Each structure stands twice: as structure tokens, then as C-alpha cells.
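Peer 1: What follows is the residue order along each chain.
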Amino acid sequence: DVKVTQSSRYLVKRTGEKVFLECVQDMDHENMFWYRQDPGLGLRLIYFSYDVKMKEKGDIPEGYSVSREKKERFSLILESASTNQTSMYLCASSSQTEETQYFGPGTRLLVL
Amino acid sequence: GQNIDQPTEMTATEGAIVQINCTYQTSGFNGLFWYQQHAGEAPTFLSYNVLDGLEEKGRFSSFLSRSKGYSYLLLKELQMKDSASYLCAPYNTDKLIFGTGTRLQVFP
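Residue numbers (this note's numbering), protein chains in the order written: chain X, 1 to 112; chain R, 1001 to 1108.
Hints listed in this document are in silico derivations from the structure and should not be mistaken for laboratory results.
Please read all numbers here as calculations on a predicted model, not as lab measurements.
Do not rely on the hints blindly, as some may be mistaken.
[Stated by the list, open to error] If the Cβ cut is set under 8 Å, some of the chain R residues that face chain X in the computed set are:
(1) 1039
(2) 1041
(3) 1042
(4) 1043
(5) 1045
(6) 1048
(7) 1091
(8) 1095
(9) 1096
(10) 1099
(11) 1100
(12) 1101
(13) 1107
Note that beta-carbon positions come from the ideal geometry of N, C-alpha and C, so glycine has one too.
Please put together the full structure from these sequences, using the hints given.
Peer 2: Here you go:
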């Protein structure tokens, strides 16, 4: 079974803090994705990566950055958290040969 | 532009059949995914259609018409545990494009 884990289920941060969300997958997948999910808006792609050290902007990259130093780990960074970044953050991974994305349990982030 | 349209909410009775429709307009198209998401949990994969037609997998079936930009998810013999959101997601080259999802409530 594919397993995608995220570092925290719930996180509370203050405005202006730097926030790190970690995602690890154990299936040797090349592709990794970060989404946020908000009521009425669905899942929106923030950043994705097809390989180590590689990153591509998704649909809403503003205010975020990512890091992929190892194949199994993809980190999402909020450089200076703002209240409008309060959301559910979902990480996913997929292989180059299969399009199906497998999701982690999500991190519910509250920025005060 | 890209647009995915599916009903916001649906209700059904345990044991019944329900069909969740999805229409889409995307700049590219390789196939269409359906995911199930229970409240507070991650989306889980249900089906992936590349070719036109119906694909059946147990109680769940998914249909695709590429020429019409239309898909549906058919759930038979509904169970209470099927209460969840169902996400339609066209796949374009390398990205999934998610709709807002259909929240299905199953009543006894």
C-alpha cells in the first residue's frame, strides 16, 4: 500500500511566523504535490515536483515555497504566515508510470 | 479556461442507487478521476477513466464521454458509509484539476 504521511494533523501559528509542512512518501514516487482545500473552492494546486531539487508552480503559489532535497520528502514553506493561509493542506504523490495521486491525511493549519 | 461542474449536495436512502454527474471544460484532457473524501480525511482513489464508456468496480461504476465533456459516478446499494464528498478531477498532462465536489448524504 502507498503511504503518504504529513508531519502534523493540526497546527496553530501566528501571523508572520515561518511555517514548515512536511510530507513523506514511501513508494519511491517521482511526483509530489501540495494542495490546499477550502470550503466551496475545492482542492487547488500550490506547487508540485517531478524530481529531486525540481519544483513547478501550481495555480496558487503566491506566499508559498517548496523544497525537495530527497525523493521521498516534499516540504511546503509559508515564509510569513497570514490569516488567509488558514486552510487544510494536502500532500499527494504519484509515479511517472501511473497517473493516480495518493494523498496524505492532511494538515489543518490555523493562522491567528 | 478550465471549468468543472458537479452538484454541490445530494441525498439518498440506504440501499438506493445514486448518480453523481460531472461536466468539464479543460484546455487539455487525458482522462478523468473520481475520488471519495470523508469529512476531515484525505481523498481516496475510486476510479480513472481514459476511454469512453462505463467501468464497473463493485458497487461503484464510472462513465466517461470525452466528446461531451461529461462523466458520472454511479453508486449502487448505498450504505451509510458512502456518506462523503465525491470529487471529479479531469487529468491534464500532468495535473489533476479538481471540482468543488459533491457532498452525498445517505439516510437510513
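Peer 1: At a threshold of 8 Å, is the proposed contact between residue 1095 of chain R and chain X supported by beta-carbon distances?
Peer 2: holds (6 Å)
Peer 1: Let me know if the C-beta of residue 1100 of chain R comes in closer than 8 Å to any C-beta of chain X, holds or violated.
Peer 2: holds (4 Å)
Peer 1: Was the hint right that residue 1107 of chain R lines chain X, CB cutoff 8 Å?
Peer 2: violated (23 Å)
Peer 1: Against chain X, is residue 1039 of chain R within 8 Å by beta-carbon distance?
Peer 2: Hint violated; residue 1039 of chain R Cβ to chain X Cβ min 11 Å, cut 8 Å.
Peer 1: Given residue 1101 of chain R was flagged as interface, is its beta-carbon under 8 Å from a beta-carbon of chain X?
Peer 2: holds (6 Å)
Peer 1: Holds or violated: the hint that residue 1043 of chain R contacts chain X, with Cβ atoms closer than 8 Å.
Peer 2: holds (5 Å)
Peer 1: Can we keep the residue 1048 of chain R interface hint, with Cβ of chain X closer than 8 Å?
Peer 2: This hint holds: residue 1048 of chain R lies near chain X, its Cβ roughly 6 Å from the closest one there, short of 8 Å.
Peer 1: For the restraint on residue 1042 of chain R, tell me whether the closest CB of chain X is nearer than 8 Å.
Peer 2: Holds: closest Cβ of chain X sits about 4 Å from residue 1042 of chain R, inside 8 Å.
Peer 1: Go through the hint on residue 1099 of chain R and say holds or violated, using the shortest Cβ distance to chain X against 8 Å.
Peer 2: Result: holds, 6 Å to nearest chain X Cβ.
Peer 1: Answer holds if the nearest beta-carbon of chain X is closer than 8 Å to that of residue 1096 of chain R; otherwise answer violated.
Peer 2: At 6 Å from the nearest chain X Cβ, residue 1096 of chain R passes the 8 Å test, so the hint holds.
Peer 1: With a cut-off of 8 Å on the beta carbons, see whether residue 1045 of chain R makes it to chain X.
Peer 2: It holds, given that the least Cβ distance between residue 1045 of chain R and chain X is near 5 Å, below 8 Å.
Peer 1: Grab the minimum C-beta distance from residue 1091 of chain R to chain X and call the hint holds if it beats 8 Å, violated otherwise.
Peer 2: holds (6 Å)
The structure fails to meet hints 1, 13 from the earlier list, while all remaining hints are met.
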